[in-house]
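Line by line, the protein sequences give chains A and B.
Quick note: the first sequence uses UniProt numbering, first residue 1, plus one each step.
Quick note: the second sequence uses UniProt numbering, first residue 1, plus one each step.
Accuracy of the hints is not assured; some may be wrong.
Since the list can't tell identical chains apart, any single copy or any two copies may satisfy a pair.
Cut-off 25 Å, straight-line C-alpha distance, at most; resulting in silico cross-link-like pairs (BS3-like, lysine-lysine) [as the list claims (entries may be wrong)]: (1) 24 with 111; (2) 104 with 232; (3) 24 with 104; (4) 173 with 184; (5) 184 with 232; (6) 258 with 153; (7) 258 with 104; (8) 159 with 185; (9) 232 with 111; (10) 111 with 13; (11) 105 with 232; (12) 24 with 13; (13) 78 with 232; (14) 258 with 105; (15) 111 with 153; (16) 28 with 13; (17) 24 with 78; (18) 111 with 25.
Hint data in this document are derived by calculation from the structure and do not stem from the laboratory.
Just so we're clear, the structure is a prediction, and the values are computed from it rather than from any experiment.
Number of protein chains: 2
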Amino acid sequence: MLYIIGLGLGDDKDITLKGLEAVKKCSKVYMEAYTSLLSFGLSPNGLSNLENLYGRSITLADREMVEEKADEILNEAKCSDVAFLVVGDPFGATTHTDIVVRAKKLGVDVKVIHNASVMNAVGVCGLQLYHYGETVSIPFFTETWRPDSFYEKIRENRKLGLHTLCLLDIRVKEPTIESLCRGKKQYEPPRFMTVNTAIEQLLEVEEARGESVYGENTICVGFARLGSEDQKVVAGSMKQLLTVDFGPPLHCLVIVGKTHPVEEEMLEFYGL
Amino acid sequence: MLYIIGLGLGDDKDITLKGLEAVKKCSKVYMEAYTSLLSFGLSPNGLSNLENLYGRSITLADREMVEEKADEILNEAKCSDVAFLVVGDPFGATTHTDIVVRAKKLGVDVKVIHNASVMNAVGVCGLQLYHYGETVSIPFFTETWRPDSFYEKIRENRKLGLHTLCLLDIRVKEPTIESLCRGKKQYEPPRFMTVNTAIEQLLEVEEARGESVYGENTICVGFARLGSEDQKVVAGSMKQLLTVDFGPPLHCLVIVGKTHPVEEEMLEFYGL
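Chain A on its own, in the form it takes in the complex (with noise of 0.2 Å):
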C-alpha cells in the first residue's frame, strides 16, 4: 500500500492522528523535499524531530528522485507499506498526481490522507472560498523570460468579481548556468518569491499591457508563513503592501475582487 499523507502547513504536530497511524505502520517513509524544507523551515535537525515523532526514518525524495525512482518506490508498495509525505495536501502539485496514476497503473494500492492546504488556509483573511476564480502562479522574470499569461486569468476573475489566489515562484535545485555548461550538477541557492516581488512584477505587466486589469490602488492582501505560529497576513492596496515586510518563506498573495460586507470587516483586521 502505498500512503500518500498530508503533513499540513505549519509544523510536524499539523499532521493527522490517522496521518501519524499511517507513517507508523510504514516500513519505507520518503519526503517529497522541493517545497517542504522551505515551508517547514527545516533544517537536517528540524528533519531528525519528525523522524523522533514518526519514529521512522525519512528519505527525502527530491523532483529528480521522484521522476527517477518512482517505480522502485511503487514496486515497495507493492509488498509493504510505503508512506510518502507531502506538505499542505497530496493533491497540491501536478506530481503527486503523476505518481497516483503510475501507481495505479502498476496495481499498486494507494491511501490519501488530506491535510490543509494553502488553497483553503487562505480563508484565514476571511474571503470567502467560494468566490476565488482560477489560481494563477506567477513565476520569477528573469532578463529574457517574463512570461505574463498570469495577466488574463486575473482579467477573468476580476471581470467576474472574483478574488484571484497567486502562487509565487519557489526555486530549489536551480542548476547554476556555469555547471550546466561544464556538465557537472551544481545548484543554486533556494529561492522564493516575496509578496513584494510578486506585486512588483504585477504592476510590470500592468504597466506593459495597460488594460487597467488592477493598479497600484487594488486591494490585496499578502500571506507569509500560512498556517504556522509566526504566520503574517496584511491587507492593503498594491502599494501599501510594497513597503511591507513579510520575513521568512513562503509567500503568497490574494487579488481582492468583489467584497461582502463579512468580508470586509475581516479585511479591516488586516489591514495596515
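Since the structure of chain A is already known, use the hints to place chain B on it.
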C-alpha cells in the same frame, strides 16, 4: 482564547495533533452541529467516541445557538480556553468568519487550526485545483422556489475551460410548515441532496435556459463521503451518473472543464 479547530472530513481521527492538544486544554468544547452530524455519520454514540478521544464533554451548537449565544461563548473565551470544533476547515462557511469578526470586536484572541476541506479534498479525483472557477451551491428546488443563479456561474467557468465544484444543499432543523403555523417548533427530518438530484436539477435548468452551457453528455465527477474510508468517486457523463447510487451523505459534484492529459488519465480510473 477561542480555538477554532478544523476536524477534517472523515472521522474522529482526522483531527491534527495540534488540534487535539488544543481541545484537551480547553475548559469548554463546542461543536457546530449543522453539517457535522451528517458528514461524520454521527449518532449520539459517535459523539461519545469523540468525547472519549478528547477527554472533554462536547456541547453541540446548532445554527440558532451559535447565533443567539455567540456573545456568551465569546465571553467564556475571554477568561478561559474555549474550543469551537468545525467539520472540514474552519473557513468553509460564512458563519465561522462571522464568529471570528465578533471575537475580534470583543478583543477575544482567536487561534485557527486548519484541516482538509471539501475545497481541497476534491483534488483526489485528479482535476487540478488550480483550474477551478467559482464554486456554486445547488439548493433544493421546491414547487415555488427554483433559484438558478448557479447557471450563469457555471457558464462563465465553462467559457474559461474551468472546472466547477457544486456544493449540494443540506437541510437540517428546518421547521415544518405545520409548526410554523402553530408557533411551536417542530423540525423536518434532515435532508441532504444526492448527486442524482443535483444533476436532475441542473438538467432542468439547462432545459429551461437553453444556452447549452452543459448537457447530459457533459463529463462530471460525483463524490460521496469524501475523505472517509468508504468514499465513492465516480466520473462519467451526467446521464451516466444519474444511474449511480452514491449511498449515504454527504455528496458533491464537479462539472469537468477543459482537461489536461494527466487529469484525463486519473478520471479514467474513476470511470464507470
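Going down the list of hints, with the structure as the test:
In the homo-oligomer, the alpha carbons of residue 24 and residue 111 lie at most 25 Å apart inside one protomer (15 Å), although the nearest pairing across protomers, at 29 Å, exceeds that limit. Proximity of residue 104 and residue 232 under a CA criterion of 25 Å is satisfied inter-copy only: 16 Å between copies versus 40 Å inside one chain copy. For a Cα distance limit of 25 Å, the shortest separation of residue 24 from residue 104 inside one copy, 23 Å, qualifies, whereas the shortest one across copies, 40 Å, does not. Taking the closest pair of Cα atoms, residue 173 and residue 184 come within 25 Å of each other only inside a single copy of the chain (13 Å); across copies the shortest separation is 67 Å, beyond that limit.
In this assembly of identical chains, residue 184 and residue 232 lie within 25 Å of each other by CA distance neither inside one copy nor across copies; the values are 40 Å within and 48 Å between. In the homo-oligomer, the alpha carbons of residue 258 and residue 153 lie at most 25 Å apart both inside one protomer (16 Å) and across protomers (15 Å), since each shortest distance falls under that limit. Proximity of residue 258 to residue 104 under the C-alpha cut-off of 25 Å is restricted to the inter-copy arrangement: shortest distance 23 Å between copies versus 42 Å within a copy. Within a single copy, residue 159 and residue 185 get their C-alpha atoms no closer than 46 Å, and across copies no closer than 44 Å, so neither meets the 25 Å cut-off.
For the homomeric pair residue 232 and residue 111, the shortest alpha-carbon distance between copies (13 Å) is at most 25 Å, but the shortest distance inside one copy (33 Å) is not. Proximity of residue 111 to residue 13 under the C-alpha cut-off of 25 Å is found in both arrangements, the shortest distances being 21 Å within a copy and 15 Å between copies. In this assembly of identical chains, residue 105 and residue 232 lie within 25 Å of each other by CA distance solely across copies; the values are 20 Å between and 42 Å within a copy. Taking the closest pair of Cα atoms, residue 24 and residue 13 come within 25 Å of each other both inside a single copy (15 Å) and across two copies (15 Å).
When the C-alpha separation of residue 78 and residue 232 is checked against a cutoff of 25 Å, the pair qualifies only between copies, where the shortest distance is 23 Å, while the shortest distance within a copy is 43 Å. In this assembly of identical chains, the alpha carbons of residue 258 and residue 105 lie at most 25 Å apart only when taken from different copies (23 Å versus 44 Å within one copy). Taking the shortest Cα distances, residue 111 and residue 153 never come within 25 Å of each other, neither inside one copy (33 Å) nor across copies (33 Å). In this assembly of identical chains, the alpha carbons of residue 28 and residue 13 lie at most 25 Å apart whether taken from the same copy (20 Å) or from different copies (22 Å).
Within a single copy, residue 24 and residue 78 get their C-alpha atoms as close as 18 Å, which meets the 25 Å cut-off; across copies the closest is 39 Å, which misses it. With identical chains, the CA atoms of residue 111 and residue 25 are at most 25 Å apart within one copy only, with a shortest distance of 13 Å there and 32 Å across copies.
Going down the numbered hints, you'll see the structure goes against 5, 8, 15, while the others check out.
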